[in-house]
Amino acid sequence: MPSFPQYLTSEQENELRRIANAIVAPGKGILAADESTGTIGKRFASIGVENTEENRRCYRELLFTADASVAENISGVILFHETFYQKTKDGTPFVKILKDKGIISGIKVDKGVVPLAGTDGESTTQGLDSLSERCAQYKKDGADFAKWRCVLKIGAHTPTYQAMFENGNVLARYASICQQNGLVPIVEPEVLCDGDHDLETAQKVTEQVLAFTYKALADHHVFLEGTLLKPNMVTAGQSCPKKYTAEQNGKATVVALSRGVPAAVPGITFLSGGQSEEDSTLNLNAINNAPGPKPWALTFSFGRALQASVLKAWQGKKENVKAAQEQLLVRAKANGLAAMGKFQGGQSGKASGESLFVANHSY
Amino acid sequence: FSRVNMPVFPQYLTPKQEEELRNIANAIVAPGKGILAADESTGSIGKRFAPINVENSEENRRRYRDLLFSTDKSLAENISGVIMFHETFYQKTKDGTPFTKVLQDKGIIPGIKVDKGVVPLAGTEDECTTQGLDGLSERCAQYKKDGAQFAKWRCVLKIQQYTPSYQAMLENANVLARYASICQQNGLVPIVEPEVLPDGEHDLETAQKVTEQVLAFTYKALADHHVYLEGTLLKPNMVTAGMSCTKKFSKEDNARATILALSRTVPPAVPGVTFLSGGQSEEDATQNLNLINAIKGPKPWALTFSFGRALQASVLKVWEGKDENVAKAQAELITRAKANGLAAVGKYQGGLDSAAGGQSLFVAQHAY
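As given, the protein sequences belong to chains X and B, one line each in that order.
For the first sequence, my numbering assigns the number 1 to the initial residue and increments by one for each residue that follows.
For the second sequence, my numbering assigns the number 1001 to the initial residue and increments by one for each residue that follows.
The set of hints was computed from the structure by calculation and includes no laboratory data.
Misleading hints may appear alongside valid ones.
[As the list claims (entries may be wrong)] Lysine-lysine pairs mimicking DSS-like chemistry, simulated, CA-CA at most 25 Å apart:
#1 LYS1016(B) / LYS242(X)
#2 LYS322(X) / LYS96(X)
#3 LYS294(X) / LYS1092(B)
#4 LYS1047(B) / LYS1106(B)
#5 LYS1338(B) / LYS1073(B)
#6 LYS333(X) / LYS294(X)
#7 LYS1251(B) / LYS1299(B)
#8 LYS294(X) / LYS1296(B)
#9 LYS99(X) / LYS322(X)
Remember, predicted model here, so these are calculated numbers, not experimental data.
Bound-form chain X, shown alone (with noise of 0.2 Å):
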């Protein structure tokens, strides 16, 4: 007979299994804090922060010693490798700041994206060589979870097979090597919301991306129940002529969901994009709302979509930084309610209708 060689115990299945129901608990998701250094600098020029080390460390103790309270809705933060090392003031590693606040500390592991010849612009991620040791470093020094992202464009003639079939294998070979080491990967296969396109569009090649993807995760044999899916919500292009609803948005997400995530997946926990605070949060909420088959948890991974009222009102001052961590609480709540299907809309925040498209993002 063929031969499928156990390549995870059953304890190694159960524990992944049990970090990933633990970060799509009902009413929690992530907070994606794992800006790289080029990128926070972004986020820091538009509050005139320099972008320091030091800066960079306060921001973050800032977000990680915020209230309590903050753990109802979120279970779990990703961190960038900096971040992951760094102590608050008084020296506390901001790995067990948060692990006593029940919050599971997650590491994004790719390398960016790099170019692939002969494509019209497009990419993949770099990262794997060596990453099971690396893993195997960060489990130990208190990551349960970790994340890679991929980006496809929607253009003419892209994304192409390709570019489909590259992402979805390296994202494949990174989900491999972090069961392996204990860590639960969080599978990111971003379409980017670049161009004109319409929402029927942006459907059909976020069914064909996750198709790829889930191919390629089969064929790795990789545990889908210890894994997540970091998405894009199905959006219309930003600079699309028509207009769209939330309601349309979330149910053309939910149709691409139903076409390419396998029921086994725990759940899915979706990137904000160039989206306002509040659109990302209405916009989860119309996904909860859609009619359909939804057999996963349908949860949030928000970078900016949490930040961006943050940073408002912390402008780099430590007066401010009581203002700036209530900003999280009010955006942390309002996504824990949309996760649910219960937000109500208008928790505003200071920046909470501002769009936050940058074009072609890159990290």
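Assemble the complex: chain X is given as a structure, and chain B must be docked to it using the hints.
Relative to chain X, chain B alone:
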């Protein structure tokens, strides 16, 4: 506005076509209902007739299916659809009523087997693909006109030392996707059947992993060919160890393995899974289906039956080819249909006695 800068996905099914396919698929897997697979080819039905000493003549084939389809209309409480072979599809009752009309009048949906059997894949270890794509669109259009609402196409994968191979999985999935696409263009819901045979001594875990692989290839192919999943059904094997496996597994083990395999591969958009019974006895097939429905797990699709042997074994045994046995034989069909209808909602209590209830119906290397 300009559509120059985006990929193109020409509309290939109108919303109306999508709605029709969706409605048919949902009707087939309505709660407590499933399919009677009565599409045995001429050769296969001969193998069913032989043990009861019935000659394999066209008239006997007609008489036998007449028996099935003229059963009391309460049959429709548990049988939503019937798959027929081409010859049967155009046959009539003694008084000249087409079988399709007899079924429609009971509220049972006629279906048609459209594949033309397995053919070998050269260079493989006895693997095969399935033929039947030539002129399929025209054939489907005609069947639709003549009363069919769904179709069925069976592919076969085998678990041997080095199989199923990548080639076999890719090829069979692709041919299933082409068939499905063509069906939908012609208003027929395609039942997609990638059967992993139970022949062999492999254990349950191996059966599960192979089934997962085969289903992964299947759904990737359906995605690549833009098949409208909400207007399809899946007819897979239940996951069980090989027939010659020395280790025995419980029905709970089988059910768990089956749900695991499906949850990892079958998109929630698929409205229903209509299991084949393979070589299982009538009672085993029903109990396995019941457990599949009763156990916990992510199960966003209906889980019901599309049984051939497991609905007909007792019927044949009681009929024996004799007119005086028809009513009793029909009663057997109702009994099995009811049992499986209960199993399809996880409520089968067991022991609904049938004439052939416990007999294994395994035929080695089964081909239709």
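Now the hints, each set against the structure:
1. LYS1016(B) / LYS242(X): The given pair, whose Cα atoms are some 24 Å apart, holds under the 25 Å limit.
2. LYS322(X) / LYS96(X): 21 Å, holds
3. LYS294(X) / LYS1092(B): The hint is violated at about 44 Å.
4. LYS1047(B) / LYS1106(B): It is violated: about 29 Å lies between the C-alpha atoms, which goes past 25 Å.
5. LYS1338(B) / LYS1073(B): 13 Å, holds
6. LYS333(X) / LYS294(X): 22 Å, holds
7. LYS1251(B) / LYS1299(B): 18 Å, holds
8. LYS294(X) / LYS1296(B): 16 Å, holds
9. LYS99(X) / LYS322(X): Measuring from Cα to Cα gives roughly 21 Å; hence the hint holds.
When held up to the earlier numbered hints, the structure conflicts with 3, 4 and fits the remainder.
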